[in-house]
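Chemist: Could you build the full structure based on these sequences and the hints that come with them?
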Amino acid sequence: MVYLKLRNEVQARYILQRHPCNVDENGVTLDCGVRFISKDIARHLEGCAALFILAATLGSRIDTAIR
14 MVYLKLRNEV
24 QARYILQRHP
34 CNVDENGVTL
44 DCGVRFISKD
54 IARHLEGCAA
64 LFILAATLGS
74 RIDTAIR
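Using our numbering, the letters of the sequence shown correspond one by one to residues 14 to 80.
In case anyone wonders, no lab produced these hints; they're calculated from the structure. Quick caveat, the model's predicted, so the values are computed rather than measured. Certain hints may be false.
[Claimed, not checked] Beta-carbon label-pair distances, calculated as ranges:
(1) 75 x 38: 31 to 41 Å
(2) 44 x 24: 29 to 39 Å
(3) 29 x 59: 46 to 56 Å
(4) 20 x 59: 38 to 48 Å
(5) 14 x 38: 42 to 52 Å
(6) 38 x 66: 36 to 46 Å
(7) 27 x 48: 32 to 42 Å
(8) 35 x 70: 26 to 36 Å
(9) 74 x 29: 15 to 25 Å
(10) 46 x 67: 14 to 24 Å
(11) 74 x 28: 17 to 27 Å
(12) 18 x 46: 21 to 31 Å
(13) 67 x 20: 37 to 47 Å
Cβ coordinates follow ideal geometry from the N, Cα and C atoms, glycine included.
Modeler: Quick look at the structure:
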């Protein structure tokens with residue numbers, strides 16, 4: 014039922030990027046200069062030389078329709 018109401022509002026988009034990274038004890042720095050300060054992320058990515066960033070959305074029309 015919800016699918017039928019929202020299917021025409023979907024404007025799905027995504028981006029997937031691979032970034033070389035530097036991991037230290039306090040966080041992760043990407044090659045583009047973005048820094049994630051988190052000991053948990055650093056611990057999970059310990060030993061990694063690169064990572065993938067994924068962002069996805071169904072579009073702003075979905076938010077409007079839900080409201």
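Chemist: Each hint: holds or not?
Modeler: Cross-check of the supplied hints:
Remark: the range hint 31 to 41 Å for residue 75 to residue 38 is upheld by a beta-carbon distance near 40 Å. Remark: the range hint 29 to 39 Å for residue 44 to residue 24 is upheld by a beta-carbon distance near 30 Å. The hinted range of 46 to 56 Å is not satisfied by residue 29 and residue 59, whose Cβ atoms lie roughly 23 Å apart. The hinted window of 38 to 48 Å between residue 20 and residue 59 holds, with their beta carbons roughly 43 Å apart.
Taking the beta carbon of each, residue 14 and residue 38 are about 50 Å apart, inside 42 to 52 Å as hinted. Checked against the hint of 36 to 46 Å, the C-beta distance between residue 38 and residue 66 comes to roughly 21 Å, which is inconsistent with it. A C-beta distance of roughly 23 Å is found between residue 27 and residue 48, which places it outside the suggested range of 32 to 42 Å. In this structure the supplied range 26 to 36 Å holds for residue 35 paired with residue 70, their Cβ-Cβ distance being about 29 Å.
At roughly 23 Å, the beta carbons of residue 74 and residue 29 sit within the given window of 15 to 25 Å. The supplied range of 14 to 24 Å is met by residue 46 and residue 67, whose beta-carbon atoms lie about 19 Å from each other. Range check, residue 74 to residue 28: about 19 Å between beta-carbon atoms, so the 17 to 27 Å window is met. At roughly 42 Å, the beta carbons of residue 18 and residue 46 sit outside the given window of 21 to 31 Å.
Against the hinted window of 37 to 47 Å, the Cβ-Cβ separation of residue 67 and residue 20 comes to about 23 Å, which falls outside the hint.
Violated hints for the displayed structure, listed by number in ascending order: 3, 6, 7, 12 and 13.
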